[in-house]
Structures are given as structure tokens and as C-alpha cells.
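Protein sequence lines correspond, in order, to chains L and E. When we follow the working numbering, the leftmost residue of the first sequence carries the number 33, and every step to the right adds one. When we follow the working numbering, the leftmost residue of the second sequence carries the number 903, and every step to the right adds one.
Quick caveat, the hints were computed from the structure, so don't treat them as lab data. It cannot be assumed that every hint is accurate.
As the list claims (entries may be wrong) - The following label-pair restraints were derived from C-beta to C-beta distances: (1) GLY264/L with ARG987/E: 47 to 55 Å; (2) GLU920/E with ARG526/L: 54 to 62 Å; (3) SER907/E with LEU437/L: 30 to 38 Å; (4) ARG246/L with ARG987/E: 42 to 50 Å; (5) GLU176/L with ARG1025/E: 45 to 53 Å.
Claimed, not checked - Each computed SDA-like pair below joins lysine to any residue, with the alpha-carbon atoms no more than 25 Å apart: (6) LYS193/L with ARG1021/E; (7) LYS193/L with ARG1031/E; (8) LYS152/L with ALA484/L; (9) LYS193/L with ALA1024/E; (10) LYS193/L with PRO919/E.
A virtual CB, placed ideally from N, CA and C, is assigned to each residue, including glycine.
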Amino acid sequence: MSGSQSYDVVVIGSGAGGGSVAQELAPLVRDGVRILLLEKGPRLVDQDFSGRELEMADALYQDGGAFLTHDGTMTLAFASAYGGSTVVYTGTSLTAPQRVIRAWSVPGLEHADLTRRSAKYAEQNNVHALDDALINDNNRLFVEGGRRAGYLVEQFPVNVKGCRGSSLCNLGCPNQAKQGTNRVQLPRAERAGVEVVTRAEVLRIAPDRTLHVRVAERPAGAKGGPSEWQPGDHRVQARMVVCAGGAIGSTALLLRSRLPARLPRLGEGFTCHPALIVVAEHPHPITNDVGHPKSYYVDHAESERFVLETCMYFPFVTAKSLTGFGAAHSAIMRAFPRLQMILILACDHAAPGNRIAVTRAGTPVVHYRFTPDTIDGLVRGARAAARIFFAAGARRVHAPADPPLLERADAGRLEERVTARHFRPGVLGVSAAHLMGGCGMGRTAADSVTDAWGRVHGLPWLRVADASLFPDSLEINPYLTIMGLADRVAEGTRRDLGGIPGV
Amino acid sequence: MPLSSPVFRAIATCVVPEAARLDAAQWGEMEAIVARAVAARSRAVQRQLALFLAVLEWLPLLRYASRLSRLDPVRRATFLNRLQRAPVLLLRRGFWGLRTLVLMGYYGRSAAAAEVGYRADARGWEARR
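Take these sequences, add in the hints, and give me the full structure.
What follows is the structure, given as C-alpha cells:
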């Protein structure tokens, strides 16, 4: 045991949720409130962001980006670093749709309140639409093709400042242009006196509010600095605890903590927007691996259960996402400078059996099965993407079909060529980065884990402030919504702190 | 996992035909990438991979009276294609995992990225003007 310390508030996780909570609570430090933020991942310095695919995936993502669902049919991508997944997303910043928040039916959670709070973070993080001059061909073709094919194409507001168009957002911006919590909220919190400790994993929270923390050594040759604390096991006592380790991290922590409250819904309600990358080959080279990669989208979540987004990935991720192998696969890869890419996000809903659990050793396990509705969303999305590609002038499209190459002559028979039978688990490279649920908000412990303020039922000293709070799919990119909810959690924490006794 | 084994090489060159043209140093680089990825997984997963490779090596005996590593390229591709479409999820998933490792090893090399024309640069637009 390396040490034992006590704090008034301990925040676990430094992404959109934890970073926002830390910033909002930071002014309390002036009044003598001791605040600690523990982050499992490392703190990278600017020079660490090399843009090299495998190197950055290893440095920033949990399991190098290869965390698999229990049956091995989907990859879940989430970061483990100072700033959490705000370091590796593309900066796309949308506010929650009113119809989704209404459908969640969380007593005390109003869409107008969430929108107002999300807008505050949009302003702090410089969210705006990129100038036309910075839009590359990959995005421009999506706009042109989408409009020709009859879709409403909208521009993503993004949180960048001084974007140079490296296209490397998902590997961490090498130019520090993306305004994640690592650039905005966390530095503010630290300047105000919040103590941040990286490479610090919370193993469990004891009923007496003692956190068992393991601080890791910096592995030889690894990116990022050493922890601010001595490597080894630590005990931290807290008056209040805010879990913001992401849907998987927070849920797994609460599951292995054996809390003194009955929480039958803990781990349930996991959803994730399963995503599929589809590509098309144009006759001429286009600008695709330069410029912001994700500037436009088509939202058919409500009507057809899919959202299409522009995207551009790196050679290995692209190769993995294509179906098949051999010469045909290689031919598509060699066409890289002529490739247009679209990401299909299926709007899945919380379904029985899709949940987060832990092994006996406390390791998180995600049980997930594709429902027919989710597969239908992917099928419809793939057809829509193919229509957009062809309308944009692509000469062929690589999509889940048999054979996977769709020629222009197939454009009129996409319903026949792209069908649910081609979406077999274990054949397609399906991945997800919007991980939601596990500690859903609601009315009582019978239907949820927390109330509308992220307060765990029966444990007033314990809060949750991340996407695990979502009681169902958000159906859009989640970061501003997480920040809006975290803002509420911080407000509730400030309000209740005086009434929570010390330990 | 025996990454330098004939069966892994047979699968790798079937998944990415260009891999057959790699010289010893390039093979070494590819194998090192795969070995690093495998080493980061649990012991159980490592054992499963080794077992799956062994099964793949001997499974074609039933149909072709030959080990996978000794099959001609056409039959090898046919066999792997069947595996990819197998009715049993475990087989499909196992092949998907192996294919992913091969693609990581091959396209994770900076030389392969350059060969396919991938030119992303931290300087972004400035590097293209």
C-alpha cells in the first residue's frame, strides 16, 4: 500500500463527462474543497501525437482499439487517456434531438435544460461549421451525391480551432486543434486546483466510500508521462464520488464494487450505434486523406434507423472494414487515392440481453446481439450510401453484398443486391464508438440505476456522469449530450455536498 | 502463436496476395506487428489462436487430402472462403480474427500504407500545396 488520502469529491474519468464535472466543481477548491480526478490512461504531450495508425491506437485506445463484444462479432472503440474519448473523436458536436429525450421519459430531465447546458459547452469548445474552403472532395462528393439522391445533407458543427486538415482526428489531433476536454475543461480544472492523477485505475469503491486505486508504472517506451503518484496501490477516501469512466468503465466499476444498494438494472440497457464503413471507387483521385474527415451527415434515424456520416480511415482500419480477402480486396486497397467513404450508424435500441457485466476478476464483458431492427438499419443505410456514391459519380461500390462489388449497373437494384442475409455476424467488420447505457437514468431502482441528476438510487454520495446514463440510444453523436448531463451532475454535487457527511 | 509457421504464411499470402512478394526483413516487420498484437491479448486468446491455426492446417485433409499450407493457391482461397461463410459462428469469427491480424501486419507497415497511396500528413493541406 503506497498511501491513503482523503478528498471531498473524487471524479473517476476525464472524458466528456469527467472533464466537464471537474471544471464545474473546480471553483469550490477556493473554498477549501479538495477535488481529485483519477484517469486510468496516460497523459500524452503534444509531441506524442504522431498520426501513425497502430502506434496511436496502442497509445490511446483500450486494447489498442480491439475491445470485442463477448461473442466477438463487434469491436468497441473507446479511449483510455487524459481527455478520454474526446481525444479521439472527430469533434462532431450535435445536441440531443427533442424526440429522443422525450422518448427516454426520465422524470426531471427536460430537453430545453439539456440543450441550454450543451450550448454552454459548444461555446466553450469552439463548436462551429467549417469554412467551405476546408472541405475536401470526400465530403463534397457526399454533399453532391446526397442531394442528387434526394437526401437532406447537413453539416456537422465541429469543435476545432486552427484545424490544418491532417485528417488524423481519430488518432488524436497532431496539431492540438480539436478542443476536447484535454484542451479545454481539464486544464481549466487543474489551474483552479483540481488534482489530476493519470495511470490511476479505480479497482472498486468500498461501501465506506474508500476507493481502491492502482497506479500503474509507465511502461518502457510508452507514450505519455509517468503518473503523478507513485506506482502501486492506494486508498482514497471520498465524501462524494462521481463515476465518469464511460459506459463500460463506470458500469464495470459499480458492478465489481458490491455497493450497499439493490440495483437490478445495473449493466442493463447497453446500446452503441453499430457502425459499418462502406467505400466507393471514383475514376479519378480525390482529396480524402487530407482535410477534416467528418463534416456532413444524413440523419434517417427516426424514419429508417440509420445515420450516414462522411468518414476517412487509415489503411489498416479500411482493410479490416472491407469484406472478403485476396486479389479483389487488394484491388480496392490499391485504389485508396480514389476512395470515397461513408460510415453507416445503425440506431439500435436497448434490448433484453444486451448488457455490460464483469468477470470474476472484475474485467468488463459486453454482451451484445444484433436485433433484426438494427440489422435492418444497417441494410437500409448501406443501400442509401450506395445511392449517394453512385449519384456522386463513383464507378463501383464495395458494400456488404455477394459479391461485395456493386457496379453502376447495380444502382437500380440495390434492394436485391444488398439484403439482410449479407449482414451475418462474424463476417462483417462492425464496430461501435458511441457506447451508451449500463447506469441508465429513471425513476426508481426498479427501472434504472440513477435519477435524472445522475445520483445512484439509494446512495446519495455516488453519482454517474457519462454516456452510461443514457436509458436508450441517443441516435446521434453523444459528446455534447454527455457534457450537458455532466453539467447537471456537477450542479447536483455542489448542491448536495454540504449535506453529505465526511468519512 | 507460431507466426512464422507455414500455415500462418499460407493464410497471410491468401488474404493479401502481395504479401508473397515481401522480402525477409519485410516479413519480419509484419510478423513483429502481429506478434505484438497477440502478446497484448490474454493467454486464453493466445491459446485459442494457436489451436485455431492448427485446426486450419489439418482441416483441409478431409476434403483435399492435403494440409492447408500445401494446398495450391486456388484451393487454399476456396477453403478460406468457405470458412468465412461457415454456418458456425465460431469458425467465421476465428477466420475474421486471423484475417484482421494479417491485415494489421501488412497494412500496419508504413511502406504498405505508402504503396496504396495513403498520404495523410500532420501538416494537412499545407503538405499538399
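Next item on the list: Could you say whether the range 54 to 62 Å given as a hint is met by the Cβ separation of GLU920/E and ARG526/L?
Entry: Once the Cβ atoms are compared, 59 Å apart, the range 54 to 62 Å for ARG526/L and GLU920/E holds.
Item checked: 42 to 50 Å as the expected CB spacing between ARG987/E and ARG246/L, which holds or is violated -> Given a distance of about 44 Å, which is inside 42 to 50 Å, the answer is holds.
Check: Taking only the CA atoms, is the gap from LYS193/L to PRO919/E under or equal to 25 Å?
Finding: Violated: LYS193/L and PRO919/E sit about 43 Å apart, past 25 Å.
Note to self: Against the range 30 to 38 Å, how does the distance between the Cβ atoms of SER907/E and LEU437/L compare: consistent or not?
What the structure shows: Because 32 Å falls inside the window, the suggested range holds.
Check: Is the Cα-Cα distance between LYS193/L and ALA1024/E 25 Å or less?
Finding: 15 Å, holds
Margin query: If I claimed the Cβ atoms of GLU176/L and ARG1025/E lie 45 to 53 Å apart, would that claim hold in this structure?
Written below: Roughly 27 Å apart at Cβ, these two residues miss the hinted range, so it is violated.
Next item on the list: Decide if the proposed pair is consistent with the structure: LYS152/L and ALA484/L, CA atoms, cutoff 25 Å inclusive.
Entry: 19 Å, holds
Checklist line | 25 Å Cα cutoff - pair LYS193/L, ARG1021/E | finding: 23 Å, holds
Next item on the list: Starting from the hint 47 to 55 Å, judge whether the C-beta atoms of GLY264/L and ARG987/E obey it.
Entry: Since the Cβ atoms of GLY264/L and ARG987/E sit about 50 Å apart, the hinted range of 47 to 55 Å holds.
Notebook entry, point to check: Are the Cα positions of LYS193/L and ARG1031/E separated by 25 Å at most?
Noted result: Distance of about 21 Å is within 25 Å: holds.
Consistency note: the structure conflicts with the earlier hints numbered 5, 10.
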